[in-house]
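Student: Sequence order for the protein chains is A and B.
Under my numbering, think of the first position of the first sequence as 1, with each following residue one higher.
Under my numbering, think of the first position of the second sequence as 1, with each following residue one higher.
None of these hints come from the bench; they were simulated from the model.
Please note that a few of the clues may not be correct.
Stated by the list, open to error - The list that follows gives simulated cross-link-like pairs (lysine-lysine, DSS-like), each with its CA atoms no further than 27 Å apart:
| no. | chain 1 | residue 1 | chain 2 | residue 2 |
| --- | --- | --- | --- | --- |
| 1 | B | K89 | A | K60 |
| 2 | B | K89 | B | K109 |
| 3 | A | K378 | B | K230 |
| 4 | A | K378 | A | K60 |
| 5 | B | K89 | A | K412 |
| 6 | A | K412 | A | K425 |
| 7 | A | K41 | A | K425 |
| 8 | A | K60 | A | K41 |
| 9 | A | K425 | A | K378 |
| 10 | B | K183 | A | K412 |
| 11 | A | K41 | A | K106 |
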Amino acid sequence: MSEGPLDPTTAPTFPIAARAAMGDAQLRNNVRHATNVIQAKRARVVDEMPDWQALREAGKQIRQHTMRHLDIYLEQFEANCTRAGGVVHWARNAAEASRIVVDLVKQSGSDEVIKIKSMTTEEIQLNHALEAAGIHPYETDLAELIIQLGNDQPSHIVVPALHKNRQQIREIFQRTMHLPQLGDQPQDLADAARIFLREKFLRVKTGVSGANFLIAETGGVCIVESEGNGRMCLTLPETLITVAGIDKVLPRFQDLEVMLQLLPRSATGERMNPYNSLWTGVHANDGPRAFHVVLMDNARSEILADEESRQTLNCIRCGACQNACPVYRQTGGHAYGSVYAGPIGAILTPQLQQMQHAQSLPYASSLCGACYEVCPVKINIPEVLIHLRNQVVLQNTAGIAGLFDVEAAAMKAMAAIFRSERRFKAAQRLGRIAETPLVRRDQQGLGWISWLPGILGGWSQARDLQQMPQQTFRDWWEKRSNHDN
Amino acid sequence: MRVSLFITCYNDTLFPQTGRAVVRVLERLGHTVDFPPGQTCCGQMHWNTGYQAEALPLLQRFVDQFRASEVVVVPSSSCVAMMREHYPKMAATLDDPRLTADVEALLPKVFEFSEFLTRRLGLEDVGAFYPHRVTYHASCHGLRSLSLGDGPLRLLRAVRGIDLVELERVDQCCGFGGTFAIKNADVSTAMLEEKISAVLDTSADTCTACDNSCLMHLQGALHRQRTGVKTLHLAEILASDELSPYQDAAP
């Protein structure tokens, strides 16, 4: 369980947090089991699509085009949403967005809200702002409810309580819902949540949602979900407040044809989401009487300005990269110190922090490419990771402090060696001499190194290293060529 | 055909036997091998760790060394991936039209070793003999960046005497990732553990791949745990034949 909200400005570095997470055997089992199940489901429904690669390309093109003309589509959305009776608010950052939502809830006359699962509201820690203002938020998505009642933090974009198993969830429900006799069968847990939530749905007059997509052409909003809690929150309250990043816009209604095929198959391995809600403005005697959209920037404009990494904003939050990532599978989500975990978190979080925090995240990847392979809109995550690593290096090597950076000094020395074959050959000879004191013979009489100093020690904690051969390839080649002549 | 060998910096230094095996296979197939002596490193370690300024001169060096080659063969899938995925962009960064043109002309002539055999030469049976139980690890760059597919497996299936066993979760990273293995040693080790247990489950005595960097990583743990399983680059299995079968290194 994560202690306190996931905050990239105060979180420990990834290697340290990862070590702690990996010490929790139960957590690792839960994460491995859950990601295996979702990955297998996804593979099945993706493999049955003959045009999957064409769909991915279409998804990428739509998102790329949207980002290129984001200013136009946002204003178009605002105009159309307003025309339909919605009220659009603009927020530069998290604090502004939270303040707007708190004010709107107060204006609605309610001191409670029912909430649909929303990563954007997690990003800005909206629940804390609401509670600080004396407003009680009720999470209505089953997993988010588990997180809220367990005083925990989301560890996955789509399946935020993926790190918990049934027994752990039963324990949370028993304790917080005062149900000492509760069983641990899925039916038992779902029934308990249903009874707990139904009363909130019927009582609370104000709802807060995120958005999967905003449609510029119509001013409409789209939310997909599996439990029906979203549909309740979107239709029963008198006031509905939607918080969305400015990256959530799509140009046309027709673009949903592509996105609503890509998203459910990638996210939960379903052909279609059980609930697909689309609404536009307000309507007399039908649904909420007041509808607000808070369009939030929160560093997205800065990301958009970076040609190399702006593809990060194409993300449709399916979480497929998390399930596919061998690093995430070992650590779970909390180690990333951000509500956005896994490969997408490793590129999104530092950029949302404008590279001032979370600098260890771009290195939390072996660059294996599994994330890129499954991404429904073809975000080249490894490419962005490398780009962000370069930004981290430029930060670390700037100024006087940069002169004392051990890694940078080693890298620069290596680069100088590789720039000349004469120096390279000398370094090869020198390496053989330098490693000699560390070499030990094994039973076969072969030389191995089992201990390495300094920053190289990470290697030898679990791995041996074979002694360098006495003859390099180029020495052999040279000798052979001389012999032949 | 005249084949230029780009051995790569770490094969040159740590795995010269792989280079000798590549030469042996290519010469057995009737090709001539040359080795441009000014070659050093493709720049992958610097580029992938974030040291872009340090990687750029290595691109220029590679192009200078291999510009005139008929084909370039590289026994390392990750180095070829580095070139294909990043060299065009690196050349563009340097804003040098001649370099950009050179890179564009050179890249289609660069092949990973197994790719050269299966795709450029259209071969499966290269006359090898290796009577051992072998499992194949699909290195991530070979699998995803180069899309080697079952090319290496087809080469292995044609080896006489081989007992080839499939590795479970063959698409899973071994946890090496270059400097990742040092910067995130704990996670890397956990990934490695899963791969090692999959290798041991096959009861193979040899684990092979198209990339010695993954193999060095696997070998490190296989040796530490005294498993007796050895790692061998694909080229070394293909170089082994009845006349001169593979022999373990003498102390």
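Student: So, for every hint listed, does it hold in this structure?
Tutor: Each hint tested on the structure:
no., hint, result
1, B:K89 x A:K60, "20 Å, holds"
2, B:K89 x B:K109, "18 Å, holds"
3, A:K378 x B:K230, "37 Å, violated"
4, A:K378 x A:K60, "6 Å, holds"
5, B:K89 x A:K412, "21 Å, holds"
6, A:K412 x A:K425, "17 Å, holds"
7, A:K41 x A:K425, "52 Å, violated"
8, A:K60 x A:K41, "23 Å, holds"
9, A:K425 x A:K378, "42 Å, violated"
10, B:K183 x A:K412, "18 Å, holds"
11, A:K41 x A:K106, "43 Å, violated"
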